[in-house]
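Line by line, the protein sequences are chains W and F. Just so we're aligned, residue 1 is where the first sequence starts under our numbering, counting upward by one. Just so we're aligned, residue 1 is where the second sequence starts under our numbering, counting upward by one.
Straight-line C-alpha distance at most 35 Å; calculated DSBU-like pairs for lysine-lysine:
no.: 1; chain 1: F; residue 1: Lys206; chain 2: W; residue 2: Lys35
no.: 2; chain 1: W; residue 1: Lys137; chain 2: F; residue 2: Lys610
no.: 3; chain 1: F; residue 1: Lys329; chain 2: W; residue 2: Lys104
Keep in mind that the hints were calculated from the coordinates and are not lab data.
Next come the chains, spelled out residue by residue.
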Amino acid sequence: MEISIIRFPGTNCEVDTYNAVKKVLGITSKILSCKDTVIPKSDLIIIPGGFSYGDYLRSGAIAAREPIMSDLIKKAKNGVNILGICNGFQILTECNLLPGALLKNSTLKFISKITNIQITRNDTFFSKDYDKNQSVKIPVAHHDGNYFVDQETLRAIEENAQVAMRYAEPINGSLNNIAGLYNNSFNILGMMPHPERAIDNQTGSNDGIKLFQSMLKSMSL
Amino acid sequence: MPDKDIYQSHGINEDEKKLLLESLGREPTITEIGIFSVMWSEHCSYKSSRYWLKELHTSGKQVIQGPGENAGVVDIGDNQAVIFKMESHNHPSFIEPYQGAATGVGGIMRDVFTMGARPIALLNSLRFGEINHPKTKYLLSGVVSGIGGYGNCVGIPTISGETGFDSSYNGNNLVNAMCVGLTTHDKIFYSKASGIGNPVVYVGAKTGRDGIHGATMASGEFDDESEKNRPTVQVGDPYAEKLLLEACLELMQEDAIVSIQDMGAAGLTSSSVEMADKGQVGIELNLDKIPTRQKNMTAYEMMLSESQERMLMVLTPEKTQLAKEVFEKWGVDFEIVGQITDTNNLVVKHKNKVEANIPITYLTDSAPIYKRDVSPRKQKQKSTAKINQNIDIKDTILKLLNSPNICSKKWIWEQYDRSIMANTLNPAGDDAGIVRIEGTKKAIAMSSDVNPKYCTADAKKGAKQAVAECWRNIISMGAEPLAITNCLNFGNPEKPEIMYDFVKTIEGITEASRELNFPVVSGNVSLYNETNGKPINNTPTIGGVGLINDISFLEKFGHMLEGDQVFLIGNKGKNLSCSAFEEVIMGRNTEDPPDVNLKTEKINGEIVKKLINDQLLSSCHDISDGGLIISICELLIKSNIGADINIANNGNILEELFAENQSRYIISVSSNNQDKMFEILNNASIQYHHLGNITGNELKVNDKIVISLNELNEAFENLIPELMAS
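Based on the sequences and whatever the hints tell you, model everything.
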């Protein structure tokens, strides 16, 4: 099982993500530089959280134009599974692998807390181990998590059941409380909550474990 | 600028000017005046405080490095060490709250990673003016965004802190930031330069004109024109800090670094002087090589710039190329800008001209040092207001929970990333933040504390109390307290009564830290915190670190549970002097804060720690602001459960509920564990009192006073959100 994690300058969750994959799945992943032009053969590519290039422009905007992205986009179109967490989600929208955009939180403030999230479906690469409509607790920590998209696309997303997870209550202004989103072929998931920080009850929740286990199960099939 | 004003405008007084001219034996260049001015500033030279700081208790078998380096270093076993320090960024944060606070966080982080440690936690201690003062909302909002903006971006969790409000800070808020890092004993880096001919290397962000004279600004009082100083506030770039952090830590894995020092206050000047001074060597800088952000910067500007995210290193020549490659990989500027010399002078060259040539001792050992006059301040008139014994107790409890210094600070800490690094073990709002050491069963507990009201009423008692409360907060999480850092915020030291309080503060800290084996390993002094001649309350913030050897007990610790019995460890409350009750309910301040009996403190604390580690307790919380009942309320709110509390009728119920006597804890214990607990308490012969049991969803006191959890929650949670939304 090959897992690659892409690090941009300013990424700060790559070690947490690497540790979570190691602890939960026993897999040693590769951390790649965004300056690489080729991603080695991977069953799963993770874009972890952080502040790529400081997010001084729009969040993820510069990262989305890095050399590694053309291979990522190619692999995405070929069906390789991609998980973008927080800044990773923002980067996936910036390079149009996912529709819409993540605007500043409606509070205009950074939000850091363990949130109640509803997992909408349990039949995707990323969600097999969850129950349908399962409520989970996963931390969020972001300034720009306010999901926005035009009405027509929103309708299509909902009709296609592409919403992967929703906040149990509004926290940042996201349309339809969207916390995580699939592309229309369901091989790409972008999510604002941090599953890598929810693998141990001692740190507040272990509800993220099932996400990692789902992915392993799917990769083993 | 006429000649006589040059010194004055650099904050150099007549005597100091004389000393400067006599030492140098010639007229200084403008660059040299700039260098003297920052090195002799209060901020860099500690000229008013140095004489007294020597008195601090700084030793213990856990101490690897005490004060005098970038940060203190403490052993935590298994070849691991924590490195930590607290620092103020008060003046800049008042002038420009976002950037002032942000760069305060950046600066303290560099102090820690410059010594080889990866930062694992941030804390802060904030003081603002009255909550309804027209500037408070703006300052609070800016400071909190700035702290979060920096720490969140670099990716270090902000895990604990305190925020207080008082009119004495109306014109001078306080921002004290603390950073704790982790390293191993063989990877601790110091600032002492050595090796004649070794290259001096500049790494990090480019030098701009920002922050020139920040140290001098920070060493003066404020007046109504202070906001004109805004251009002297530096601008933070946490992204640059993150890259610098990773590059430095990567290079530290190699044997390349002889010494390293971050460029903080007084930038290039103080970093080069401190490194050379510690190594008793000279240093020569060639400013043509300095990476600059702006064109045509003069030697004066480069030497005084306080641009952020920069470091100075002395490298071994053979590893210089390797070092360059590491920094280039991370996209961080790397330039050889000078060398270590045997002259013992600081020599600054720019465009083929020597702009400065100063024996280093003139800037350090021979810098002015003042043993300033001290005299006790006049006792304020004793308040004669009588306590109304028939006061409505329910209303009093809710008012206290809804008061600015006691209420929930959730609005603040929800803006700080707390869960990054995935090792933060407890929710915000506990007595101390706890961070697990990755790959071990160990964790570090951290807290920052001070009660400025106590410290202003009686500097020595207040300082003792600050150390004891920090110790107690760490104990409350079951940790062994190890050592402290401090940040001593005071007014103008040229006023004898302020200097007197400063001296008494040192006495108090020393006494408490010695008795509790809680030595000071690093610290910072911030003086001249005054506006238009009005000083802040004395605010000697104490930041403490403790060790949990085995975190297993935490699984079943932290919440009051249905059926638990509630006990008070320590004496019954006796005196309302200086309490939150007095301030909030009676609107008076008396001058006699509760004293700490350090022997009792130690015994009570050791026993509580044992009870927690023996897994006998469900929860524990120290008693501080607001007294016993507020401590119980805070635990109930956290645990989302009610309690039935009985206070004996033979005492004074107001004193028992609201007095702030020291060395006390509220604990809750399941019926199963009670007997074992009694055995330990009785053997240690410490005082304890049964208060009631945990049940239902309301707080009942003596059956008569009934407050629902909802009412408690609303009073506790609503104040700051309502203020910020208004």
